[in-house]
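**Student:** My request is simple: use the sequences and hints to build the entire structure.
Protein chains: 2
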Amino acid sequence: MKLYDGGRAPNPRRVRIFFAEKGIPLPELVPVDIAKKEHRTEAFTRLNPLQRLPVLELDDGTALAETMAICRYLEALHPQPALFGSDAKEQATIEMWNRRVELGLFASVAAVFRHSHPAMAELETQIPEWAEASRDQVDDHLWLLELQLAGSPFLCGEVLTVADITAGIAIDFMKPSRIPLPEEFAQIRRWHGELSARPSWKA
Amino acid sequence: MKLYDGGRAPNPRRVRIFFAEKGIPLPELVPVDIAKKEHRTEAFTRLNPLQRLPVLELDDGTALAETMAICRYLEALHPQPALFGSDAKEQATIEMWNRRVELGLFASVAAVFRHSHPAMAELETQIPEWAEASRDQVDDHLWLLELQLAGSPFLCGEVLTVADITAGIAIDFMKPSRIPLPEEFAQIRRWHGELSARPSWKA
Chain D
1 MKLYDGGRAP NPRRVRIFFA EKGIPLPELV PVDIAKKEHR TEAFTRLNPL
51 QRLPVLELDD GTALAETMAI CRYLEALHPQ PALFGSDAKE QATIEMWNRR
101 VELGLFASVA AVFRHSHPAM AELETQIPEW AEASRDQVDD HLWLLELQLA
151 GSPFLCGEVL TVADITAGIA IDFMKPSRIP LPEEFAQIRR WHGELSARPS
201 WKA
Chain Z
1 MKLYDGGRAP NPRRVRIFFA EKGIPLPELV PVDIAKKEHR TEAFTRLNPL
51 QRLPVLELDD GTALAETMAI CRYLEALHPQ PALFGSDAKE QATIEMWNRR
101 VELGLFASVA AVFRHSHPAM AELETQIPEW AEASRDQVDD HLWLLELQLA
151 GSPFLCGEVL TVADITAGIA IDFMKPSRIP LPEEFAQIRR WHGELSARPS
201 WKA
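Residue numbers (the UniProt record's numbering), protein chains in the order written: chain D, 1 to 203; chain Z, 1 to 203.
Just so you know, these hints were derived from the structure itself, not from any lab. Heads up, the beta-carbon is just placed ideally off N, CA and C, and yes, glycines get one too. Accuracy of the hints is not assured; some may be wrong.
List time: in silico DSSO-like cross-link candidates among lysine-lysine, alpha-carbon distance up to 30 Å [to be verified]:
id, chain 1, residue 1, chain 2, residue 2
1, Z, Lys-22, Z, Lys-175
2, Z, Lys-89, D, Lys-202
3, D, Lys-2, D, Lys-36
4, D, Lys-89, Z, Lys-89
5, D, Lys-202, D, Lys-2
6, D, Lys-2, D, Lys-22
7, Z, Lys-89, D, Lys-37
8, Z, Lys-89, D, Lys-22
9, Z, Lys-37, Z, Lys-202
10, Z, Lys-202, D, Lys-89
Away from chain D, derived, C-beta distances all over 12 Å, residues of chain Z [to be verified]:
id, residue
11, Pro-25
12, Ala-35
13, Pro-153
14, His-192
**Tutor:** Shown next, in the form of structure tokens:
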């Protein structure tokens, strides 16, 4: 296996943290420099026509793109610890929270980054109105997280799941997107502090 | 079980088609009229704070929201036919295509609908610039689908998977979003015609 990796970008980090939480050693890493547009070369486009990172290349040449597809592949090969849940209800609940966070907070923060950060102006056609509308959504998404975290140590109960990785990375992504995390989100601060202290978070 | 249902809206249809393709009888349906803003009542907000449809309420009172979480719950309870794939590589490939289509074509068409359709003006703060940027993306997403469908009858091979349901619904959703499907997409037309003829598609 080879992992085409994008350094500090959020999705490559999600996958490396997932490897670390599963206790699976990272495969050979192939660094792809997004700032140098290496994800837009012809060779990389053959691996992933969407020109996105990360991509896991299997030994038979299959190229798996999409962060969650890569994580599910690892979960199927190495079921323990179960980061996508065990029984049907637990799996569905974790999927629900992972999606709520990914399509909500994560997507809004990413839209602010892509459509307002000066460094992205060269890679994207920026729409300032969309950046502002997305920024306005962030508070609601944070409250959803805050209330859920008031009831348990992690988003879906007593142990870390893939939903916590997605949510934690979304919070990290607020910094380069220049969105402050208000003081009032005490549960998020408690949980994010604990996440950041895990060895996996350095991945 | 009870399924809080939103009629012709795309996500409720995805779940009903999934039930039909699995051969699982639909549970009690609770119609929620989006046009009458019934998804924004206090009672419904308790079920799903994001005020979105569908929601599957289990007999123990658990409310499962998010289309894909509901579908995965059904897949875990009734593994055959496997609409999310069987072995690790198949599951990851189907997840990759489902996400490519959902975060690509489906999301772009939905953005055009939400940000440009007159009927949505009352429910959304519309940003015409975002509708136009999303409309400009649709062709690229269609080409990705077209090329993939040139190689096999369905998106991930010889049999229908959840990725075909997502993609087929995205194509259906182009009509109310007022996006024509150009003649040149012959593979999409072939495949979408076959999908539409399946009994499940009437769900």
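**Student:** Decide, hint by hint, whether the structure agrees.
**Tutor:** Hint check results:
1. Lys-22(Z) - Lys-175(Z): Holds, at roughly 27 Å.
2. Lys-89(Z) - Lys-202(D): Satisfied, since the Cα-Cα distance of roughly 28 Å is no more than 30 Å.
3. Lys-2(D) - Lys-36(D): Holds. Lys-2(D) to Lys-36(D) sits at ~21 Å (cutoff 30 Å).
4. Lys-89(D) - Lys-89(Z): 24 Å, holds
5. Lys-202(D) - Lys-2(D): The hint holds at about 20 Å.
6. Lys-2(D) - Lys-22(D): 17 Å, holds
7. Lys-89(Z) - Lys-37(D): 29 Å, holds
8. Lys-89(Z) - Lys-22(D): With Cα atoms ~18 Å apart, Lys-89(Z) and Lys-22(D) stay inside 30 Å; holds.
9. Lys-37(Z) - Lys-202(Z): 25 Å, holds
10. Lys-202(Z) - Lys-89(D): The given pair, whose Cα atoms are some 28 Å apart, holds under the 30 Å limit.
11. Pro-25: 18 Å, holds
12. Ala-35: The claim holds: Ala-35(Z) sits with its nearest Cβ about 23 Å from chain D, beyond 12 Å.
13. Pro-153: 20 Å, holds
14. His-192: At roughly 21 Å from the nearest Cβ of chain D, His-192(Z) sits farther out than 12 Å, so the non-interface label holds.
Hint check: no violations occur; every hint is consistent with the structure.
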